[in-house]
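*Asks:* Model the full assembly from the supplied sequences, consistent with the hints where possible.
Quick note, the sequences are listed as chains A and B, same order.
If you're matching positions, the first sequence starts at 334 in the numbering used here and goes up one per residue.
If you're matching positions, the second sequence starts at 334 in the numbering used here and goes up one per residue.
Calculated directly from the structure, the hints in this document are not laboratory data.
On a predicted model such as this, the values are computed, not experimentally measured, just so you know.
Relax, there's no trap hidden among the hints.
Identical copies look the same in the list; a pair holds intra-copy or inter-copy alike.
Straight-line Cα separation of at most 20 Å, SDA-like style, residue types lysine to any residue; simulated pairs: (1) Lys-461 - Thr-442; (2) Lys-461 - His-449; (3) Lys-451 - Thr-462; (4) Lys-461 - Leu-450; (5) Lys-335 - Gly-423; (6) Lys-335 - Ala-421; (7) Lys-335 - Pro-544; (8) Lys-335 - Leu-422; (9) Lys-355 - Leu-422; (10) Lys-461 - Gln-448; (11) Lys-451 - Asn-369; (12) Lys-461 - Val-446; (13) Lys-335 - Lys-355; (14) Lys-461 - Arg-445; (15) Lys-355 - His-411; (16) Lys-451 - Thr-463.
Number of protein chains: 2
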Amino acid sequence: MKLYTYFRSSAAYRVRIALNLKGIGYDAVPVHLLRNGGEQHHAAYRAVNPGELLPALDVDGTVLTQSLAIVEYLEETHPFMPLLPQDALGRARVRALAQTIACDTHPLTNLRVLQHLKAELGVSEEAKTTWYRHWLAEGMRMLEAQLADSADTGRFCHGDTPTLADCCLVPQVFNANRFGVDLAPYPTIAAIDAACAGIEAFQAAHPARQPDAE
Amino acid sequence: MKLYTYFRSSAAYRVRIALNLKGIGYDAVPVHLLRNGGEQHHAAYRAVNPGELLPALDVDGTVLTQSLAIVEYLEETHPFMPLLPQDALGRARVRALAQTIACDTHPLTNLRVLQHLKAELGVSEEAKTTWYRHWLAEGMRMLEAQLADSADTGRFCHGDTPTLADCCLVPQVFNANRFGVDLAPYPTIAAIDAACAGIEAFQAAHPARQPDAE
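*Replies:* Here is the structure:
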């Protein structure tokens, strides 16, 4: 497998965690999101993923896109270390937690949106940062409410083993820390992030440990 | 089952289509997104979904949120009329198509974002519409590229029966039409939308046919 990745891409980070948790080896193909106008827009990468977004996973010549779809594929084809619970209600909960991040939080704060705010709406650097922190904090609020209210939350988002939801939570917390969002109002999220940080699969997926880290 | 819904909510519309395709009866509980400051922010609905977003599906007292997670739950518990293919690669493709809409398109154009642009960034009505059309068109471009390039595309997004991807495509095209986005550059999407429009399950889920339609 070849994973098209960028060390700081939140969506690629999710897939790196899932691959590591399942012990699946892969070759990292770095795509630099900022250099030369963004390598994701170059013809070479457009031929891989016309959506011009990361990550993409090449499985024997078939390219999979969208981080959550990729993790579901890994789950179905590599059942070792399941990342979804056995019961349908539990699976629905884990997917909803993951989608709270992947649908309701991250898309509003990713690079192309920040670039568009600046280039097309002419917002200041300060207003851009305010936007980022607003949507990140709103996403954290929603996630914390779901986690803190539920008896299903354990050491991790769902019980005491990592799931797809934790694969999404950790990169989002990384972003929060990077942009100076205070985690004090989200104690459940912070505790789960700390539990994940103790696991080698999460550590090895960290941006700082990628071959393209700067 | 009780579905918390709003006739024009794109995410609720997806779930209505899935319920109809599978022939699952449900009670619609309308939540008006605009009236009285938005009923989704009222305490009564916050107790259902602290995320203050639609849809939510109450299954015997357990509340499920996030439209794609809800459809996956319906798929697992009601296998009749499968909305995902049998093979793992096909499932990955359908989920990626769905997520192109649910993660990369719709979140940028939903109500709370448009309200924020106006109230917090002070953008004009015109700039707000430009923003909407830009992200909708960008999402359509990505989706069209994935559909047009693939031999897996049939009468519907994946083969000749509707899937989760079609449940997402149709509400997105409804939004495009509503906001005057020209569909001419997206002929594959337009053809699939037309195929879906011939099916009663899609027709009955249309905003105009909901009990809370205006």
